[in-house]
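Number of protein chains: 2
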Amino acid sequence: MEKDTRSVGIVETKFFKIYEQIELESGITFGPITVAYETYGKLNSAKDNAILLLHALTGDAHAAGYHSEEDKKPGWWDDMVGPGKAFDTNKYFVIASNMLGGCSGTTGPCSINPDTGKPYGLSFPVITIGDTVKVQKRLVEHLGVKKLIAAGGSMGGMQALEWAIEHPDMVSACIVIASTGRLTAQGIAFNAVGRNAILSDPYFNNGNYYLEPKQPEQGLAIARMVGHITYLCEDAMHKKFGRRFQEKDKPNFDFNIDFEVESYLEHQGRTFVGRFDANSYLYITKAVDYFDAAGKYGSLEKAFSRTNAKFLIMSFTSDWLFPTEQSKELVKALTKSGKDVSFCEIESPCGHDAFLLEFDTQTKIIKSFLAKERGLHEQPL
Amino acid sequence: MEKDTRSVGIVETKFFKIYEQIELESGITFGPITVAYETYGKLNSAKDNAILLLHALTGDAHAAGYHSEEDKKPGWWDDMVGPGKAFDTNKYFVIASNMLGGCSGTTGPCSINPDTGKPYGLSFPVITIGDTVKVQKRLVEHLGVKKLIAAGGSMGGMQALEWAIEHPDMVSACIVIASTGRLTAQGIAFNAVGRNAILSDPYFNNGNYYLEPKQPEQGLAIARMVGHITYLCEDAMHKKFGRRFQEKDKPNFDFNIDFEVESYLEHQGRTFVGRFDANSYLYITKAVDYFDAAGKYGSLEKAFSRTNAKFLIMSFTSDWLFPTEQSKELVKALTKSGKDVSFCEIESPCGHDAFLLEFDTQTKIIKSFLAKERGLHEQPL
Chain A
25 MEKDTRSVGI
35 VETKFFKIYE
45 QIELESGITF
55 GPITVAYETY
65 GKLNSAKDNA
75 ILLLHALTGD
85 AHAAGYHSEE
95 DKKPGWWDDM
105 VGPGKAFDTN
115 KYFVIASNML
125 GGCSGTTGPC
135 SINPDTGKPY
145 GLSFPVITIG
155 DTVKVQKRLV
165 EHLGVKKLIA
175 AGGSMGGMQA
185 LEWAIEHPDM
195 VSACIVIAST
205 GRLTAQGIAF
215 NAVGRNAILS
225 DPYFNNGNYY
235 LEPKQPEQGL
245 AIARMVGHIT
255 YLCEDAMHKK
265 FGRRFQEKDK
275 PNFDFNIDFE
285 VESYLEHQGR
295 TFVGRFDANS
305 YLYITKAVDY
315 FDAAGKYGSL
325 EKAFSRTNAK
335 FLIMSFTSDW
345 LFPTEQSKEL
355 VKALTKSGKD
365 VSFCEIESPC
375 GHDAFLLEFD
385 TQTKIIKSFL
395 AKERGLHEQP
405 L
Chain B
25 MEKDTRSVGI
35 VETKFFKIYE
45 QIELESGITF
55 GPITVAYETY
65 GKLNSAKDNA
75 ILLLHALTGD
85 AHAAGYHSEE
95 DKKPGWWDDM
105 VGPGKAFDTN
115 KYFVIASNML
125 GGCSGTTGPC
135 SINPDTGKPY
145 GLSFPVITIG
155 DTVKVQKRLV
165 EHLGVKKLIA
175 AGGSMGGMQA
185 LEWAIEHPDM
195 VSACIVIAST
205 GRLTAQGIAF
215 NAVGRNAILS
225 DPYFNNGNYY
235 LEPKQPEQGL
245 AIARMVGHIT
255 YLCEDAMHKK
265 FGRRFQEKDK
275 PNFDFNIDFE
285 VESYLEHQGR
295 TFVGRFDANS
305 YLYITKAVDY
315 FDAAGKYGSL
325 EKAFSRTNAK
335 FLIMSFTSDW
345 LFPTEQSKEL
355 VKALTKSGKD
365 VSFCEIESPC
375 GHDAFLLEFD
385 TQTKIIKSFL
395 AKERGLHEQP
405 L
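Order-wise, the sequence lines are chains A and B. My numbering numbers the first residue of the first sequence as 25 and each following residue consecutively. My numbering numbers the first residue of the second sequence as 25 and each following residue consecutively.
Hints may be right or wrong, so weigh each one.
Straight-line distance between alpha carbons at most 30 Å, and here's what the computed DSBU-like set of lysine-lysine pairs gives [stated by the list, open to error]:
#1 LYS356/B <-> LYS264/A
#2 LYS38/A <-> LYS97/A
#3 LYS326/A <-> LYS263/B
#4 LYS274/A <-> LYS320/B
#5 LYS161/A <-> LYS274/B
#6 LYS326/A <-> LYS272/B
#7 LYS360/A <-> LYS171/A
Hints are computed from structural coordinates only; laboratory data are not their basis.
Input sequences plus hints: build the corresponding full structure.
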């Protein structure tokens, strides 16, 4: 790790506590809330060089660097965040936080409800992308940030859009990768299947499984398997696994794992349950389903007419979960609202996962976008 | 029903019993086997006017007509089978049978094992598309058929291909709709998720649930939900459901059914468990995964070089489960083997399900193909 001069090095997850109650979109007031976050780089004196990185479905506050000298696995967007990287920590103050409802330090269904001394479980309120942005706003204000660039892939892109629409005076630029203004019916359907698998797991116990000997692992694993199929494209799967059998050259003629692709899915499901909470999966997929950038404004165009940000929209050719057409819808609405928008469809065989894999092209595009954005604002960093 | 002069009318499911043991592809010998089947129309004196209809994943022997005067729901391909229809019962002797491993009359995992007096459950042998064709061959021979036209959609198309390759002297024509020579890795992955949901259902009980008070309904329902997403295309889902909420205009803010698309999936899952067996779902999806038309011959071209049939291959523009490219692979290999093949990609918004919905275009194409086929054979029917 130390050999990598472009790493942010060893970082620490910090915690910020919001003591008062926050009004959620559902109408419920909720609090206190602890927010897990990390920062890389330094805030400038004008307090306007912040980049807020927004994670996807199962991400966390640990976007870059390592947690210890021994730590072998860097943060989820480490290739994109560091000195000289796309999100250049020599120039920017980069912030990443775990979303409300998550299970990696920020208050979520697995957190202890101070009123009962027990985990919230399903008594945790249903939250939205708007709610998590509200919480993030408290965090960045606490950090002294006056202006920021909001950036994220997939669900992170939804949060970036929400930031630009709801807090136009704080957001100077908005980077939306492999994302959409709203999920399709098919996207909702895939999430619904995942939630069904969790809700019907015999150990789900109406969400009160934290203190039980068994957890709804199988349901969560199935949800993850369905998800993984949608993150890869058929071409990538074909290249990666084809129709090869696992371990030998012929079928098992039983219901154990037969094909390599089954082994891959099983592995993805199994490892996921070790790092993610089934209740959080319910809450976060629901927030994704509910998100609609047009929302209360009636149309994307009207929503975007509120914004003051410069936009960068990126999509990937092989992403069939959040396909290019959905990015183009955003671009079209932004253009109609007279906003400054750059759009790039990146050629990639990696499917939706490309935003976590295709670093070179993303880096070039983001660097060039950010350089222009700095030029526009004419502020030395 | 009686008003429909193009209906085959009231039909009866019959049963044919194979007493001796059959050698399966796995090497296991298995028997006895009962085959549920229906026939419509009459076999001619040359015994060469048969059409064998091959059902898809969850189909059965009841392809056309009604089972009683009160019966409101006709067979699964009723719009295609009858006097003057695509499969014209005035001209052809149409046969449909439930596949081996199924749960609609043909011996499958829910059948009683005569050796134990109990349902087979998972002691039923894993079967292949080849095995079920072997069983069908016994049936058509029993019916006196010398030559036949094999026709089916989806998994039915796989069986039609298997018929043409393995029994070249019996198959004069082969109609393959919305199908493929082999499933993609993504197709296997979707099936694997469905099987996982069944296998991990708390009431699955290692397949021995038939005599228990509870059945693995939730697992089977989830498998069906995943399947249904792949049967529709995103455009069709969008048109059908969009992002509309169920019953009211705003979100529930809970984990009950929220969006119309969730309600649709839940309904599909719930009604499916009433008519299908979870073990059969395991066996049949496995047979689909294993199918590879190139199989033992090393290449599609070599496999097809054995055939004597005239082929009609049809695909649908919006089918992303068995997309047009897969049909084109078949066409290419058939052409290279010097075989007579007609191909048509039908414009349809109905996704994979189109073969069960788009009757007009299919009828025109099939009628024209069959008329030519009859011409070629120069046999009055």
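Tested hints:
Taken as a hint, the LYS356/B and LYS264/A pair is honoured in the structure, with Cα atoms around 24 Å apart against an allowance of 30 Å. The straight-line distance between the Cα atoms of LYS38/A and LYS97/A is roughly 19 Å, inside the 30 Å bound, and the hint therefore holds. For the hint pairing LYS326/A with LYS263/B, the CA-to-CA distance comes to about 24 Å; that is within 30 Å, so the pair holds. With a CA separation close to 11 Å, the supplied pair LYS274/A and LYS320/B stays within the 30 Å bound.
For the hint linking LYS161/A to LYS274/B, the alpha-carbon distance of about 26 Å falls within 30 Å, and the restraint holds. Taken as a hint, the LYS326/A and LYS272/B pair is honoured in the structure, with Cα atoms around 24 Å apart against an allowance of 30 Å. For the hint pairing LYS360/A with LYS171/A, the CA-to-CA distance comes to about 25 Å; that is within 30 Å, so the pair holds.
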